[in-house]
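The listed protein sequences derive, respectively, from chains B and C. Residue numbers for the first sequence follow the working numbering, beginning at 1 and rising by one. Residue numbers for the second sequence follow the working numbering, beginning at 224 and rising by one.
What the hints contain is simulated information worked out from the structure, not anything from laboratory work. The beta carbon of each residue, even a glycine, is placed where N, CA and C say it ideally should be. Where hints are given, some of them may not hold.
To be verified - Dumping the calculated DMTMM-like pairs for lysine to aspartate or glutamate here, alpha-carbon to alpha-carbon at most 20 Å:
#1 C:529 with B:110
#2 C:359 with C:349
#3 C:581 with C:349
#4 C:532 with B:114
#5 C:529 with B:157
#6 C:532 with B:207
#7 C:397 with C:349
#8 B:216 with C:540
#9 C:529 with B:211
As the list claims (entries may be wrong) - Restraint ranges, calculated between C-beta atoms of paired labels, are given here:
#10 C:436 with B:161: 27 to 33 Å
#11 B:31 with C:417: 54 to 60 Å
#12 B:82 with C:357: 43 to 49 Å
#13 C:389 with B:208: 33 to 39 Å
#14 C:268 with B:177: 27 to 33 Å
#15 B:81 with C:239: 49 to 55 Å
#16 C:504 with B:214: 44 to 50 Å
#17 B:134 with C:571: 37 to 43 Å
#18 B:177 with C:504: 27 to 33 Å
#19 C:333 with B:113: 18 to 24 Å
#20 B:202 with C:333: 46 to 52 Å
#21 C:435 with B:117: 49 to 55 Å
#22 B:83 with C:359: 49 to 55 Å
Here is what each chain is made of, one letter per residue.
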Amino acid sequence: MKIAQVAGFLGSGKTTFLIELAKILVDRGHRIAIIVNDVGEINVDAKFIEMYGLKAKEISGGCICCQVAGNFANTIAILYNTFKPDIVIVEPSGVAIPWGLKRAAEYSEEEMDDVIVHAPVITLVDSLRIEELMQSVRRLVETQIREADVVFINKVDSATKEKIDLSVQFSKAINPNAEIMFGSGRNNQGVKEAATLIETRTSPRYDESYEKEMLKRDYGGGA
Amino acid sequence: MTEKMTHIERVLASLGDQPVDRLTVYPIACGVSRRTIGDGTMLYKDWCSDPKNYAQGLISGQKYFDLDLTVGLMDLSVIAGDFGSHVRMDEQNTPFVDDPVIKGPEDYEKLQAPDINKGRSGVILEGTKIFADALKNETITSGFLEGPLLALTQSASAEKVFMDMYNNRSAVHKALGTFTEYLRDMVKGMGQSKPAACMWDYLWASYSCLGDNEYDEFEGQYKYAGGLNELVGKEGMALAIHNCADLPHLDTQIKAMKPAAYTMAYYPLIPGSPSASEVIGKGYADNCVVCGNIDPQGYVRWSQEKMQKTTMNLCQEVKTALCARGLKSKYCIASGCEVPPSVTTRLENIKTMVDTVKQYGQVTC
Numbered sequence: 001m002k003i004a005q006v007a008g009f010l011g012s013g014k015t016t017f018l019i020e021l022a023k024i025l026v027d028r029g030h031r032i033a034i035i036v037n038d039v040g041e042i043n044v045d046a047k048f049i050e051m052y053g054l055k056a057k058e059i060s061g062g063c064i065c066c067q068v069a070g071n072f073a074n075t076i077a078i079l080y081n082t083f084k085p086d087i088v089i090v091e092p093s094g095v096a097i098p099w100g101l102k103r104a105a106e107y108s109e110e111e112m113d114d115v116i117v118h119a120p121v122i123t124l125v126d127s128l129r130i131e132e133l134m135q136s137v138r139r140l141v142e143t144q145i146r147e148a149d150v151v152f153i154n155k156v157d158s159a160t161k162e163k164i165d166l167s168v169q170f171s172k173a174i175n176p177n178a179e180i181m182f183g184s185g186r187n188n189q190g191v192k193e194a195a196t197l198i199e200t201r202t203s204p205r206y207d208e209s210y211e212k213e214m215l216k217r218d219y220g221g222g223a
Numbered sequence: 224m225t226e227k228m229t230h231i232e233r234v235l236a237s238l239g240d241q242p243v244d245r246l247t248v249y250p251i252a253c254g255v256s257r258r259t260i261g262d263g264t265m266l267y268k269d270w271c272s273d274p275k276n277y278a279q280g281l282i283s284g285q286k287y288f289d290l291d292l293t294v295g296l297m298d299l300s301v302i303a304g305d306f307g308s309h310v311r312m313d314e315q316n317t318p319f320v321d322d323p324v325i326k327g328p329e330d331y332e333k334l335q336a337p338d339i340n341k342g343r344s345g346v347i348l349e350g351t352k353i354f355a356d357a358l359k360n361e362t363i364t365s366g367f368l369e370g371p372l373l374a375l376t377q378s379a380s381a382e383k384v385f386m387d388m389y390n391n392r393s394a395v396h397k398a399l400g401t402f403t404e405y406l407r408d409m410v411k412g413m414g415q416s417k418p419a420a421c422m423w424d425y426l427w428a429s430y431s432c433l434g435d436n437e438y439d440e441f442e443g444q445y446k447y448a449g450g451l452n453e454l455v456g457k458e459g460m461a462l463a464i465h466n467c468a469d470l471p472h473l474d475t476q477i478k479a480m481k482p483a484a485y486t487m488a489y490y491p492l493i494p495g496s497p498s499a500s501e502v503i504g505k506g507y508a509d510n511c512v513v514c515g516n517i518d519p520q521g522y523v524r525w526s527q528e529k530m531q532k533t534t535m536n537l538c539q540e541v542k543t544a545l546c547a548r549g550l551k552s553k554y555c556i557a558s559g560c561e562v563p564p565s566v567t568t569r570l571e572n573i574k575t576m577v578d579t580v581k582q583y584g585q586v587t588c
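Go ahead and model the full structure; you've got the sequences and the hints to work with.
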């Protein structure tokens, strides 16, 4: 089962993006579940969920190292055991750290007979509000970009070239290894390409990365 | 195993960096301790909503695991719930806010502080009095309170608060002022309960979230937290701080706030996340007992062998770093955050950690 994280700060267009993403993946024959990690509300419209035969779950509360990890793992295992999705799209809160959710997702393997594979972590950057984000929640946005495999510069249909360029510069300065994509969830621009990326590519597992880091620390050379 | 020092002697020696028979040990086993009562079936919701159950769990857990310390940590939705947020209270899951009281910017200024003796804040105050009294000759005890910024983010949603720090700054400050006043009353109430220490959860002091200036403005030593920290001392309690963030503000929270103890986590995959040896090597344990940093999920997921090996490795790392720094005992082998209170947490792993420190925690520089 593949876990696809769509990260990004509040207002970055995550919900619109993931709905369009889910539609495309369903049309391509996938069985899709959605998990939102937010306080107080499931943003995904219930009719949409019914119409597309999706499954949506909410996960919330506590801190990721001790409390949320267990709840999240359990939610994934329940989804697998009751719905058997082949891709689970996860919309973490803007204060969640993607590796923490990777780790928690892998814990679900103890409760199901399948292996977790991660799709590339996609972090949405709101190009329309880039200056405001750089002022206000800069560190949180930086954290999510740093953890991304792909930075999706969103709302490019409405943003000026200067703002799009600034979004790219900002993202590349933080994570030069991330792949940059451009689009707009609202107009379905770039979403098909993101769906293909989720279908065809993977991101490293947490446990493998962790062991490698610990070996490097203990023995100095890495795995 | 007979030990040469009592729990209290060991902790006091560690606070003063005096020689100890072994390092202090404290898996932050709070909610999970309810499972050491009777037949082990007490529900989390019954533990966290009744002062006698809450205290009984902590007292029983101290004896069952033979802990050097006892801290009254409950879940992080206590204050938000008492201020009017709806808390989802499943039987065994950790409770969490599912309908925050602050829904829009206008709500920050409408917050009304409740009576500290009502709701689950009242459970904490009454329960702390019970366990602090029962354990006063056994261990060093500490009450536990959420810091003002944590109480606020639980009452709104962290993302909204972080945006509003910029867009609605004065409203956020108004709300933080309300929480701080409430917490001043809580500290006074805690002082009446007479634990030896009061531990704050100031978890937003993380460079992943806030820089020094923002943290200083919205919680910091010279803002809301500073006055609360000072009040803890005036009420006769030692100051302790818990922060399980990936990139904690150690200069502010250890060097400026000057707690007697500081509990922290370690995230090996986050560049810059400080390990135990780095924290000791950079002098943060010179005047503060630093506590950390075993992965809390290890208590649920690992075998006893892995827990033992991890604890041994941490003991060795800490002993080497303490000796290199010229320190004797200013580190407590602890979990990086609360041991998950879930029913799947392996109690034997908590015991294994404690027993491993007893066996391998001797400091001989």
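We went through each hint and held it up to the structure:
1. C:529 with B:110: 17 Å, holds
2. C:359 with C:349: 15 Å, holds
3. C:581 with C:349: 33 Å, violated
4. C:532 with B:114: Violated. Residue 532 (chain C) to residue 114 (chain B) sits at ~28 Å, over the 20 Å cutoff.
5. C:529 with B:157: 52 Å, violated
6. C:532 with B:207: 17 Å, holds
7. C:397 with C:349: 29 Å, violated
8. B:216 with C:540: 15 Å, holds
9. C:529 with B:211: Holds - the C-alpha atoms of residue 211 (chain B) and residue 529 (chain C) are around 13 Å apart, at most 20 Å.
10. C:436 with B:161: 27 to 33 Å: Holds, since residue 436 (chain C) and residue 161 (chain B) (Cβ atoms, about 32 Å apart) stay within the stated range.
11. B:31 with C:417: 54 to 60 Å: Given about 58 Å between the Cβ atoms, the range holds.
12. B:82 with C:357: 43 to 49 Å: Holds: the Cβ-Cβ distance is about 45 Å, inside 43 to 49 Å.
13. C:389 with B:208: 33 to 39 Å: 38 Å, holds
14. C:268 with B:177: 27 to 33 Å: 45 Å, violated
15. B:81 with C:239: 49 to 55 Å: The hinted range 49 to 55 Å holds for residue 81 (chain B) and residue 239 (chain C), with Cβ atoms some 54 Å apart.
16. C:504 with B:214: 44 to 50 Å: 19 Å, violated
17. B:134 with C:571: 37 to 43 Å: 49 Å, violated
18. B:177 with C:504: 27 to 33 Å: Holds: the Cβ-Cβ distance is about 30 Å, inside 27 to 33 Å.
19. C:333 with B:113: 18 to 24 Å: At 50 Å between Cβs, range violated.
20. B:202 with C:333: 46 to 52 Å: 48 Å, holds
21. C:435 with B:117: 49 to 55 Å: Between residue 435 (chain C) and residue 117 (chain B), where Cβ atoms are some 39 Å apart, the hint is violated.
22. B:83 with C:359: 49 to 55 Å: Taking Cβ atoms as reference, residue 83 (chain B) and residue 359 (chain C) lie about 52 Å apart, which means the hint holds.
Going down the numbered hints, you'll see the structure goes against 3, 4, 5, 7, 14, 16, 17, 19, 21, while the others check out.
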